[in-house]
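My request is simple: use the sequences and hints to build the entire structure.
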Amino acid sequence: MIRVHDLWKSFGEKEVLRGVTLEIPEGTTFVVLGASGSGKTVLLKHVIGLFKPDRGTVQVDGTEISSLTGRALTEARQVFGMVFQGAALFDSMTVFENVAFPLKEKERRISGADLRARVVESLRVVDLGEDVLGSWPSQLSGGMRKRVALARALVANPKVVLYDEPTTGLDPITTDSVDSMINQAKERRRVTSMVISHDIASAFRVADRLAVLYDGRIAAQGTPEEVRRSDDPYVKRFLSLWFEKQ
Amino acid sequence: MHVVGVGRLRAVFEDFGAQVLFAGETLAWAVRPPFRPELLLHQAAAIGVGSTFIVAVTGLFAGMVLALQGNYAMRQFGAEGYVGGFVAISLVRELGPVFTALMVTGRSGSAITTELGTMRVTEQIDAMESMAVSPIQYLVVPRVLAATLMMPLLTVVFNATGYMGGYLIGTFVSLIPPGPFLDHTKSMVDVHDMTHGLSKAIIFGAVVSLIATFRGFTASGGARGVGESTTRAVVWSSVAILVVDYLLTFISIG
Numbered sequence: 000m001i002r003v004h005d006l007w008k009s010f011g012e013k014e015v016l017r018g019v020t021l022e023i024p025e026g027t028t029f030v031v032l033g034a035s036g037s038g039k040t041v042l043l044k045h046v047i048g049l050f051k052p053d054r055g056t057v058q059v060d061g062t063e064i065s066s067l068t069g070r071a072l073t074e075a076r077q078v079f080g081m082v083f084q085g086a087a088l089f090d091s092m093t094v095f096e097n098v099a100f101p102l103k104e105k106e107r108r109i110s111g112a113d114l115r116a117r118v119v120e121s122l123r124v125v126d127l128g129e130d131v132l133g134s135w136p137s138q139l140s141g142g143m144r145k146r147v148a149l150a151r152a153l154v155a156n157p158k159v160v161l162y163d164e165p166t167t168g169l170d171p172i173t174t175d176s177v178d179s180m181i182n183q184a185k186e187r188r189r190v191t192s193m194v195i196s197h198d199i200a201s202a203f204r205v206a207d208r209l210a211v212l213y214d215g216r217i218a219a220q221g222t223p224e225e226v227r228r229s230d231d232p233y234v235k236r237f238l239s240l241w242f243e244k245q
Numbered sequence: 000m001h002v003v004g005v006g007r008l009r010a011v012f013e014d015f016g017a018q019v020l021f022a023g024e025t026l027a028w029a030v031r032p033p034f035r036p037e038l039l040l041h042q043a044a045a046i047g048v049g050s051t052f053i054v055a056v057t058g059l060f061a062g063m064v065l066a067l068q069g070n071y072a073m074r075q076f077g078a079e080g081y082v083g084g085f086v087a088i089s090l091v092r093e094l095g096p097v098f099t100a101l102m103v104t105g106r107s108g109s110a111i112t113t114e115l116g117t118m119r120v121t122e123q124i125d126a127m128e129s130m131a132v133s134p135i136q137y138l139v140v141p142r143v144l145a146a147t148l149m150m151p152l153l154t155v156v157f158n159a160t161g162y163m164g165g166y167l168i169g170t171f172v173s174l175i176p177p178g179p180f181l182d183h184t185k186s187m188v189d190v191h192d193m194t195h196g197l198s199k200a201i202i203f204g205a206v207v208s209l210i211a212t213f214r215g216f217t218a219s220g221g222a223r224g225v226g227e228s229t230t231r232a233v234v235w236s237s238v239a240i241l242v243v244d245y246l247l248t249f250i251s252i253g
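In order, the protein sequences belong to chains A and B. Per numbering that gives the first Met the number 0, the very first residue in the first sequence carries number 0; after that it's consecutive. Per numbering that gives the first Met the number 0, the very first residue in the second sequence carries number 0; after that it's consecutive.
Since the hints were derived computationally from the structure, they do not count as laboratory data. Just to be clear, a hint being listed does not mean it is correct.
What the hints assert, rightly or not - Pairwise CB distance ranges, derived in the manner of DEER restraints:
id : chain 1 : residue 1 : chain 2 : residue 2 : range
1  : B       : 27        : A       : 53        : 22 to 28 Å
2  : B       : 20        : A       : 36        : 44 to 50 Å
3  : B       : 242       : A       : 200       : 55 to 61 Å
4  : B       : 238       : A       : 156       : 37 to 43 Å
5  : B       : 201       : A       : 61        : 55 to 61 Å
6  : A       : 14        : B       : 93        : 51 to 57 Å
7  : B       : 242       : A       : 96        : 39 to 45 Å
8  : A       : 179       : B       : 56        : 54 to 60 Å
9  : B       : 13        : A       : 179       : 44 to 50 Å
10 : B       : 34        : A       : 77        : 16 to 22 Å
Every residue, glycine too, gets a C-beta built ideally from N, C-alpha and C.
Next up, the structure:
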């Protein structure tokens with residue numbers, strides 16, 4: 000479903016990605032783990048075409064995203080839903096308008112009643128009721144904003160959902176419910192997910208496969224168990240610090 | 000020192016080039032479906048209706064000052080009767096479009112840059128792109144079209160209140176008889192003057208809104224970056240208004 004091949008990207012002198020290659024099969028959840036500044040978000044933004052690579056390719060559902068521009072790129076993005084690190088809800092829109100936005104844009108002839116029903120259904124998946132429909136993003140807690148962002152990402156039935164640090168800054172209970180939501184989205188809607196995170200516990204809960212990104216390169220890649228047994232010194236240290244804490 | 004100067008000059012040209020490409024992209028998205036008239040109306044209300052009061056007040060005082068200055072200058076030649084024509088022609092050809100554009104820059108241009116800049120640094124624009132919606136089409140096109148359409152209308156408001164202010168000061172304070180005041184207005188101002196001024200207003204509307212949206216779109220670096228972009232938008236818009244005004248006037252009357 001998603002193929003990233005030999006991806007290189009620099010910003011000025013700084014090489015952020017140095018030959019990243021990975022493959023995500025349809026209907027699976029792939030987690031990219033890494034410390035802050037390791038290039039995770041830059042990698043994710045290449046997948047959705049927000050950045051252009053210096054070298055290498057990104058293919059999603061058979062389309063080479065990295066070579067598209069303008070209208071073609073905009074249309075190719077219809078397969079995506081994305082949850083941003085800070086939720087990125089439109090602050091001039093209510094919760095209803097936020098969640099309805101991608102649906103209204105994708106299905107421009109949808110009736111008002113259908114639109115409302117789909118928005119309410121999508122909010123129900125993330126355990127939010129109709130009482131939040133008229134709220135403004137600024138009135139919601141961080142956890143609720145993230146849930147609304149997830150509902151917005153899922154409402155138009157995307158084939159691929161990208162999550163940028165979905166559990167960062169959340170309390171353990173909300174983190175657990177976000178993990179459940181990612182798993183439910185995969186099980187109920189067969190979506191392919193790519194999760195960028197430095198939350199190791201969360202990564203091991205949701206990943207079918209995972210990769211550890213270090214200094215712009217993939218240090219280890221495989222099933223959670225394979226990565227856990229990796230001989231790479233950085234991966235060992237990255238994971239052992241957390242496993243020791245447990 | 001020399002290298003720094005060349006680098007800065009190059010950055011200015013690159014910035015200008017990016018602005019021109021942005022304008023081209025906006026034009027391309029403006030003629031592509033889907034069209035969103037509701038967003039255009041919303042922006043027309045925000046930019047046009049929202050600026051009416053401030054434009055009207057500025058126009059009133061500009062007209063009053065023009066009448067006082069005109070009377071002061073023309074009295075020396077015994078030509079007070081021409082003050083009406085002087086006020087009208089100054090407003091219609093020059094002050095109306097320029098002052099209106101400067102007021103819209105201060106009020107709406109800065110608001111546009113701040114809003115879009117905040118959306119940029121909080122990833123709301125990236126979010127929109129990720130939903131297969133062009134932010135240029137959704138956010139920029141309605142603002143640019145609304146400003147381009149509303150600027151001439153606001154200029155008409157400025158001219159009307161300005162002439163009214165000039166008439167009040169000219170006839171009640173400077174005691175110029177109303178007859179010559181109005182007659183010389185009719186004889187000195189023709190349709191060409193009106194179209195010249197309104198053409199300027201249309202171009203100013205496009206220029207100001209393109210600069211404001213571009214600065215918002217390219218904002219980076221959090222709240223401070225948004226503030227810097229807003230300052231840059233207001234400064235460059237004001238400079239652009241005066242430069243374009245000179246060029247258009249030169250082309251018109253050489």
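Going through the hints against the structure:
A C-beta distance of roughly 26 Å is found between residue 27 (chain B) and residue 53 (chain A), which places it inside the suggested range of 22 to 28 Å. Taking 44 to 50 Å as the suggested C-beta distance range, the pair residue 20 (chain B) and residue 36 (chain A) does not conform, at roughly 31 Å. In this structure, residue 242 (chain B) and residue 200 (chain A) meet the distance hint of 55 to 61 Å, their C-beta atoms being roughly 59 Å apart. Distance hint check: the CB atoms of residue 238 (chain B) and residue 156 (chain A) are about 49 Å apart, inconsistent with the given range 37 to 43 Å.
For the hinted restraint 55 to 61 Å between residue 201 (chain B) and residue 61 (chain A), the CB-CB distance of approximately 46 Å leaves it violated. Between residue 14 (chain A) and residue 93 (chain B) the beta carbon distance is about 54 Å. The supplied range of 51 to 57 Å therefore holds. Taken as a hint, the range 39 to 45 Å holds for the pair residue 242 (chain B) and residue 96 (chain A), whose Cβ atoms sit roughly 40 Å apart. Look at residue 179 (chain A) against residue 56 (chain B): about 58 Å separates their beta carbons, and that is inside 54 to 60 Å.
Against the hinted window of 44 to 50 Å, the Cβ-Cβ separation of residue 13 (chain B) and residue 179 (chain A) comes to about 48 Å, which satisfies the hint. Between residue 34 (chain B) and residue 77 (chain A) the beta carbons are some 19 Å apart, a value that agrees with the proposed interval 16 to 22 Å.
The structure fails hints 2, 4 and 5 (numbered hints given earlier, in ascending order).
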